[in-house]
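Participant: Using the sequences provided together with the hints, build the complete structure.
Chains A and B, in that order, are what the protein sequence lines are.
Mapping to this note's numbering: the first sequence position 308 is 672, numbers consecutive.
Mapping to this note's numbering: the second sequence position 244 is 608, numbers consecutive.
Calculated directly from the structure, the hints in this document are not laboratory data.
Be aware that a few hints might be false.
No copy is singled out in the list; a pair is fine if it fits within one copy or between any two copies.
Within a straight-line C-alpha distance of at most 27 Å, the following computed DSS-like cross-link-like pairs (lysine-lysine) qualify [stated by the list, open to error]:
#1 678 x 377
#2 490 x 375
#3 392 x 417
#4 678 x 370
#5 417 x 388
#6 679 x 377
#7 716 x 441
#8 561 x 375
#9 417 x 712
#10 508 x 417
#11 712 x 561
#12 392 x 679
#13 417 x 490
#14 441 x 370
#15 377 x 417
#16 679 x 712
#17 562 x 632
#18 417 x 679
#19 532 x 417
#20 532 x 678
#21 632 x 441
#22 669 x 712
#23 561 x 679
#24 490 x 532
#25 712 x 370
2 protein chains.
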Amino acid sequence: MEQTWKNNLRKIKPYVPGEQSREKDIVKLNANENPYPPSPEAVEAIRAFDASKLRLYPNADATPLKEAIADYYGVSKENVFLGNGSDDVLAVAFQALFNSDLPIAYPDLTYSFYPVWCDLFGIPYKTYPVGDDFRINAEDYREKNGGVVIPNPNAPTSLGEGVDFVEKLVQYNPDSVVIIDEAYNDFGGETSAPLTKKYDNLLVTGTFSKSRSLAGLRIGYAIGSAELIAVLEAVKNSYNSYTIDSLSIEAGRASILDNEYFEATCNKIIATRERLTSELEALGFTVLPSQANFVFATHASRSMKEMFEYLKTKKVFIRYFALPRIDNYVRITVGTDEETDVLIREIKEFLK
Amino acid sequence: MEQTWKNNLRKIKPYVPGEQSREKDIVKLNANENPYPPSPEAVEAIRAFDASKLRLYPNADATPLKEAIADYYGVSKENVFLGNGSDDVLAVAFQALFNSDLPIAYPDLTYSFYPVWCDLFGIPYKTYPVGDDFRINAEDYREKNGGVVIPNPNAPTSLGEGVDFVEKLVQYNPDSVVIIDEAYNDFGGETSAPLTKKYDNLLVTGTFSKSRSLAGLRIGYAIGSAELIAVLEAVKNSYNSYTIDSLSIEAGRASILDNEYFEATCNKIIATRERLTSELEALGFTVLPSQANFVFATHASRSMKEMFEYLKTKKVFIRYFALPRIDNYVRITVGTDEETDVLIREIKEFLK
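Facilitator: Listed below in structure tokens is the structure:
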């Protein structure tokens, strides 16, 4: 007989994180990680950290890091929320801000975690197909909803929209909270953070995992009105008061303060992305105009699934999604120029 | 007119974390932090960490840390769950394991976060008064319930129970999941982790924040049957795949492997606790027999609230709870012998 206690276990389909090979000597272009190390200032902050202080709890408010992010975006500390990676920030935001009976709205092609959080928190949702050009149609989001979440640039399409587009979205939704997920926004995108001063129902999220090369430290943030941030804080403090560890506070702050390194790194990735795009196009690929640190590409006469599998045998890891509409596309993270050389060489071999 | 989007915000009373003074030259005995630094091996693991690797996501499974904890408790990796501090572990466990219509059961005097998680996740609960001696009565937990959670030792009472007591609790509850929260168990308590091999519905949680002096790094864990752990993993992976950062994996593992330092530190704290207890008793206090890194004390003829406030003016911070039954008690973290000297000196001044 089944034991009764098993009835009270949460029935949930385990989410399987993307493949993360730990092999050596691979070209790893499948997780949108930054190919460059974090700012030397962040590295030095860790080196200089007095580890005996780890016996103490972190600053629960992570004030020094919040203040640095607030200064960077030209807002106040009360407009900044922090989490253990932007997944944590978005998960708290879904819980805290999407409590309507109406479905929340997001594109059909988008970050795969949105439906997972909806299932976890029992949030109804409705997806709106992106166009044939993979662009999001702002007009779709005029339909009454319980909230809107849009990545800008979108993933895995890499397409970004301007602040005008976001402002239109917010104006169409005076009765909902609109979340703009800017995980990939630092690679030539336009941030909507300044709009949060004008619209109290707009939340903009970001991460240190991509543009700041600190995926290993887990720092995500949100910018919004003091009212929205207070609700996020209340939920977070009802869950776990100390989400950001002491080393992350120091290293994150040092990263933000070193704007020169940040811009130089982003610009290097943008330059390599443009080169990668041209070389792929020269080989007959169609590449969407990326504003992210990855490109989304297809080929008129070859199977992208086969290319993905071929490259894997050559220890070059990219991402393939067996999903409707995009099952002949690949997502390729922008690596160093050397990694791009290897990638292009192996793709040429495949195309032969 | 109130804007409609505000209706969809989560209405939750903000939980206010305990007072954490950042002043210098204070004697901080109010947060149950360890007065000694983490293991030199953990410090060295941070120093030796190649910070350029922070550009990569952490191992989502945190395998090296799980394996070290599994070895320490004599279980398998599949019996270990990790979280961002034991608050994260317990929050996931409440969500994942307490999905009954019956109330979960816990003592009236206990960790203040239990009702907060119940409110957050909509879990009904019922509290059972501890006895006049502040002991938990196992028989109370024979009443049908949706789950049981008990800290062992309990906080803020400091009283611990043996494995026999826990086994009785589990035997009384074949239809519920029983969680034993061992945050303070390493200071002379008996761990119930081995019982998880016998009872699939028992979960034992622990933390690196107290006995391992790593509160600043945020590492908590749970030990249980593969079936319980799989449910925790499914919920965790539906929320945030990468909760443990790369530095915590390395430093945590190094801490577990340095058992000699761990035992020496715990033994020092136990010795100071016994000395503190004797000195307080000599001053007319009643001190409960602590198995934790804090003591819970009262005085027959003096106001503990006044003592708490007096000590604060002397920059000695202890904890006072204005709660029924314990409003003439104080909770004092066991510090170094030097901190204990200052504490006792100031208490003598107060008693004059």
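Participant: Now, for every hint given, state plainly whether the structure supports it.
Facilitator: Hint check results:
no., hint, result
1, 678 x 377, "neither (33 Å within a copy, 55 Å between copies)"
2, 490 x 375, "both (22 Å within a copy, 24 Å between copies)"
3, 392 x 417, "between (35 Å within a copy, 13 Å between copies)"
4, 678 x 370, "neither (45 Å within a copy, 53 Å between copies)"
5, 417 x 388, "between (34 Å within a copy, 13 Å between copies)"
6, 679 x 377, "neither (30 Å within a copy, 51 Å between copies)"
7, 716 x 441, "neither (56 Å within a copy, 46 Å between copies)"
8, 561 x 375, "between (41 Å within a copy, 23 Å between copies)"
9, 417 x 712, "neither (53 Å within a copy, 30 Å between copies)"
10, 508 x 417, "neither (50 Å within a copy, 45 Å between copies)"
11, 712 x 561, "neither (49 Å within a copy, 55 Å between copies)"
12, 392 x 679, "within (8 Å within a copy, 53 Å between copies)"
13, 417 x 490, "neither (47 Å within a copy, 38 Å between copies)"
14, 441 x 370, "between (44 Å within a copy, 21 Å between copies)"
15, 377 x 417, "neither (40 Å within a copy, 31 Å between copies)"
16, 679 x 712, "within (15 Å within a copy, 70 Å between copies)"
17, 562 x 632, "neither (33 Å within a copy, 57 Å between copies)"
18, 417 x 679, "between (42 Å within a copy, 19 Å between copies)"
19, 532 x 417, "neither (48 Å within a copy, 40 Å between copies)"
20, 532 x 678, "neither (45 Å within a copy, 58 Å between copies)"
21, 632 x 441, "neither (31 Å within a copy, 41 Å between copies)"
22, 669 x 712, "within (16 Å within a copy, 77 Å between copies)"
23, 561 x 679, "neither (47 Å within a copy, 41 Å between copies)"
24, 490 x 532, "within (20 Å within a copy, 49 Å between copies)"
25, 712 x 370, "neither (54 Å within a copy, 55 Å between copies)"
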